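Chemist: Going line by line, the protein sequences match chains A and B. Reading the first sequence from the start, the letters are residues 1 to 319 in UniProt numbering. Reading the second sequence from the start, the letters are residues 1 to 685 in UniProt numbering.
Be aware that one or more of the hints could be misleading.
Pair by pair, the computed Cβ-Cβ distance ranges are [unchecked claim]:
hint: 1; chain 1: B; residue 1: LYS231; chain 2: A; residue 2: GLY58; range: 52 to 58 Å
hint: 2; chain 1: A; residue 1: HIS308; chain 2: B; residue 2: ASN23; range: 41 to 47 Å
hint: 3; chain 1: A; residue 1: THR7; chain 2: B; residue 2: ILE7; range: 19 to 25 Å
hint: 4; chain 1: A; residue 1: ASN153; chain 2: B; residue 2: ASN101; range: 30 to 36 Å
hint: 5; chain 1: A; residue 1: HIS308; chain 2: B; residue 2: SER657; range: 40 to 46 Å
It should be emphasised that the hints constitute simulated quantities derived from the structure, not laboratory data. Here the structure is a predicted model, which is why all the values come from computation and not from measurement. All residues carry an ideal CB built from backbone N, CA and C; glycine is no exception.
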Amino acid sequence: MSVEKMTTFQLEKHVDYIKSLDKKADFDSVVMEHLRMSGAYWGLTAMDMMHSLDDMDGDEIAAWILKCQHDCGGFGGNLGHDPHILYTLNAVQILALFDKLDVADADKIANYISGLQKDDGSFAGDEWGEIDTRFTYAAVNCLSILKRMHTINVQKATDFLVRCRNFDGGFGCTPGGESHAGQIFCCVAALAIMGALHHVDKDLLGWWLCERQVKAGGLNGRPEKLPDVCYSWWVLSSLVILDRAHWINKEKLKDFILNCQDQDRGGISDAPDDAVDVFHTFFGVAGLSLLEYPGIKSIDPAYALPVHVVDRIFFRQKC
Amino acid sequence: MHGRKRIPIGQAADKGKDQTKTNNLKKLLSDFLRNHHERCYSKEALKQNAQLLELNPEVYTAWNYRKLAVRHLFESEIDEAARKLILDEELQLVERALQSNVKSYGAWHHRKWVIDFGLSSLDHEFMLLKMLLKADCRNFHGWNYRRFCVEMKGMTPEKELEYATEKINENFSNYSAWHYRSKLLSPLIKGKENKEDVLNEEYRLVNQAYFTEPDDQSAWFYNTWLLGETKIESGPHVVGSWPEDGSSISVDAQEGSSFVAVNFRTPLDSEHRFESRTLTLVIYFNEEFSDVAATIRSKPELPHLSEVQWRSVSGTEAPSRAWLADIPVQSFAETEYTFFVEVSSPKECQNTPISFKLKYTKRGTSEVSRDQNSRSECYSWPSKKSSSDESQVGMRLELERLTVDPSSAEPGSIKQDPTRYLRRDNWQETVLEEQVDILRELLELEENSKWTLLTLARVLAAHGASRYTDEVLKLYKRLPDIDPDHADYYKAQYSILYVDKITRSPDILQKLWWDVEDRLSAGWLRWNGLSLSDFRSVERLLWVQRLDLSHNQLRTVDGLEAMQLLVALDVSHNKLPNITSLASLRLIPSLQYLNISQNEIGDHQVDATRYSFPSVLTNQMCFSSLSKGNVNAERSWELQAVFGGMNLKVLDIAGNSVASDEIFRETIVRALPQLELLDGEQVKR
Ligand SMILES: [Zn+2]
């Protein structure tokens, strides 16, 4: 990390960086081809937070999203790829961003998601049965946006998350799995959306999460690991939902994220001077948004969409 | 992308080589997708697919394709040995894929899917795991997979505990192994005898870890868990109630109306009065319950008492410590009653009945009109005798010198020996004392170790003896200097403990009393300027009607909802960040006066309390029940959700950035139909 670097937020450069991604055909973009839906969600949500969503063609994107939908109702990560709950959530999130939720058949999507719930309340990622608390989050977030929560067993979904809780107050992928900030975000946010936050020991987990901040200011995902910009989102959003974000040093975290920017070409990387990507660009911008950095739109810590989008979904129409 | 260096400007990557690599990957991808859609599972197609997964194991659809292929091949192959060969190929591919990305979820899941057929040797899997966890002892995919294999093989927790011990002895900072221990031990420490042996052994292990790796987090987190399991516990029981056990109240009812005035003595020897339409009993437990039943009996007997239902203060199904019941006053006759309240569910709750005396008088209309006058005084605060900052600081310092006398009774709670429920035994005492000694020894080696200091504070607090309270407070006061990044965490712990201390001591509480001449307004609790950032201990304050918390550092008023007699609350000059942080106040129907001026409401775009109460965002409320009138819903939902249904008459919001917003003020007036004064001005409707 070089000290002479300017540590202001390079909004225009990041916007240009995200815009350039679609035309890229390098090795990395081929590696990411199967998760283009997630890439689009990360990029577009970051664009919205940076007041630049209007630069993107919503109609064209919505048409592409619909082409990724399968007969079962689920969406694939790209054209020709199999349906999966993660990309189904991302597809719905992008439609919500563009205020185009009505182009999709909500009942059909809800039917796909509710079909993935198992007897123990958990969710499989797709028909091949991988179980993970990330999929519970995807299910709950997506169904809440679609106002179809009644299509699943919410009590059982909650019970399963509680079974994944650990001695340190955190949550893992499956019962028995070690606490990890990414999984903690999924479980805490899903519980928040289900109105079941009372299952979280806020003081114990809040303390564990605030100890993710390392001396240099960045956040790690587990004890004794290196800091990484993506945890600015996983850890910080969890702390915000638990109302414990003041337990960390926000100034230091802000500086860490700003230092991970590519000041010349835009984009944000996992750590200072590493190669940038859209994933970390989104999580860096989202982290700064939760730190109330001026000029960045506010993001909702549970739905992972800009607050104005969430408010539009829930408060514009009657349910 | 993780851990890959940024290429400096002007120093382009090797374009030619990159292009070949890219084209190769592209071709593998498109060939595989074509085969997938054509359901072609030829040898050649599978080979190409394997090449793709070796290069990029994250292509989830490519793993799906292989599962379909295995199914397809199994159709023509019923011989078990031949099937095993097919599966072996899959296992080998997973191994190669994991070499290119050991964190590939798709690869790990494919392996589980293959092993699930039950045709492959688990010994081989354990051998692989041994290698993998040797190379990266924190790989959680590896640990998850190990749990999967252990279950499959039906191995005992004892055997696995040996493995966890081995891994910890190799490296004390292996948090994954500590975590694994906690999982294996949790079922074993349920029984008391086992528990002591097991925990003794665990303490031995963490103690070793402190001395070997004093700056590593793993053992300290583990200790916090052990401490929770060791803590001198008390079973579930009632810790507070209103009316209090052994107290007397008098109820005056206005003739021909449901209006009721209640007089009672507070724990601090003063008369209290409040006005209500019903008599609401409060019981407060030391634990949260999602279902509570308690019988209410009276002498002489009253009809309908058996029909009285208990409800949690939150009104939701979420577990709660505070439970309420409304006693119908209209069935009373002019006489004296003795009430007995006895918890019947949860069954494990240890208790004796709470009993209180009630004297009932019916008054004529003329007598009550005098009451009507005093009613307006309910929400006008008496002048503060000493409101200058200097004297507040003075008082604070004085308070800190006071120590808690353990022999003094707890005010505001049931008049019983506070230690009666503690299941204290020698083992726990010994363990905790030993920990204290070890931690003090560590402090001699390094006096400013934050982990040692914090753990010492927790061990002393877990001990539960009030003689340690002041030392714990001192430790929490010192920690922000040593670890400033987490200062607010330590301050919150300090604040919680501090309030715990002052609510236990009548001497100290007396000093926080509102000092006014007017007998009627005696007994107003003044906690201003105490630097409070958080507090609990509400169970000892259930009788409080007027509470001044101004000039503190509170970010929320969560928990106050149990104070069902609260009429006036001053939380001005705090750090309340937004309207939703006030959500718990909507559960106090008696609240009439609220001062939230000089906070930070409107300064923050991030709303951290958005999810802490039932709303349409938490799928617990339908928006149509909130939306009334033509107010812009997107802007006002929180005002309606929090203030809608409250009975406020006086509200002060000045000094918050939202206070100057006309739409905000209009929405508030609309949400609060009984509001008379807003920021000191008469409300015009
Ligand atoms: Zn990362």
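Chemist: Going back to the hint list, which numbers does this structure go against?
Modeler: Hint 5 contradicted; others consistent.
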